[in-house]
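Visitor: One-letter residues, chain by chain:
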Amino acid sequence: MSDVHAPPTAASGSVGLVTSACILALIGVGFSLAHFIWPTPLFFALFMIVGQGSFGLALLLYVIAIIRDLRKQKVL
Amino acid sequence: MSHEGLFSGSTENVMRWVAGAGIVLGLAAAAVMIVVLLRKPEWRVTAHAKWALLVGLLVLPGMTMLSGNVVGFHKVKNSCTQCHTMDPWVNDMKDSKSTTLVGKHYQNRWIPDDQCYTCHTGYGLAGNIQAKIGGLGHVTHEYFTGVPDVIKIKRPFNHETCLHCHGESAKYLKIEQHVDAEMKPKILTGELSCFECHAAPHPRKKP
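Protein chains in written order, with my numbering: chain A, -18 to 57; chain B, 275 to 481.
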């Protein structure tokens, strides 16, 4: 039987963080590629605000996932 | 067709290379992240995934973003007014009858190209959060609240921008106040703003 109601573990939390980080970083890279291909002020503004913003958030989530893992392994 | 060689050192050609590198790095980053996302969720927290993501989520996208900044700022250096709400002031700068400081700089070609960018690049290559918040404020003015009649600079204008060109010029050094023992240190440290004595570079009110 599926344990969909099981409480979230630290590992499942980290999976969620890493998955979110990947998706956000992909969005950031997507805006970056769009502005390389169409170098207009609009795409540049989107790259600066949305692209770099989501990439920054992705890095933050990734760092949180790493810190969680290190704490779990009692390194920190 | 361009007459420049593939390895010409011109700025445009260098930017083409940087943009090309940015595209390759961005595609490589996207490939790594897509592979990670296509694997089983449990694999994403393994040591292998961490190493893959160190490259695919940190190094490659970081380099893509950096090259994006370099190329982007280069490409839009002449299009500032498309996002920033400075049209009336830029029009004043280009007006041959303008007597403002920026007008004189423009008419005399003291700054031959990229006039806005030359004086307003205080926020650095990577662009920082303050600049982004400021840019969002400009977008709000442009589309919702309208351009105010009186503009105020958020932070004092960096005196080093003026001194970068004027600081050691013979004309500058001829002015008694600029080399005065009491005033010189104040000018060099920014304690005494250039605009205490010189007129405001842009008109205070909407021209």
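Keep in mind the hints are simulated off the structure, nothing from the lab. Bear in mind that the values here come from a model prediction, so they are computed numbers and not experimental data. The beta-carbon is built from N, C-alpha and C at its ideal position, and this holds for glycine as well. Treat each hint with caution, since some may be false.
Mimicking BS3-like on lysine-lysine, the simulated pairs with C-alpha atoms at most 25 Å apart in a straight line are [what the hints assert, rightly or not]: (1) B:479 - A:53; (2) B:448 - B:378; (3) A:55 - B:324; (4) B:324 - A:53; (5) B:378 - B:428; (6) B:426 - B:368; (7) B:324 - B:351; (8) B:479 - B:371; (9) B:458 - B:371.
Short derived list, chain B residues pointing at chain A, Cβ under 10 Å [said to hold, decoys possible]: (10) 288; (11) 300; (12) 311; (13) 315; (14) 346; (15) 409; (16) 437; (17) 441; (18) 444; (19) 447; (20) 453; (21) 455.
Partner residues aside, some chain B positions facing chain A, computed with beta carbon under 10 Å [to be verified]: (22) 310; (23) 345; (24) 373; (25) 427; (26) 431.
Visitor: Flag every earlier hint the structure violates by its number, smallest first.
Guide: Hints 1, 7, 9, 10, 16, 17, 18, 19, 20, 21, 24, 25, 26 contradicted; others consistent.
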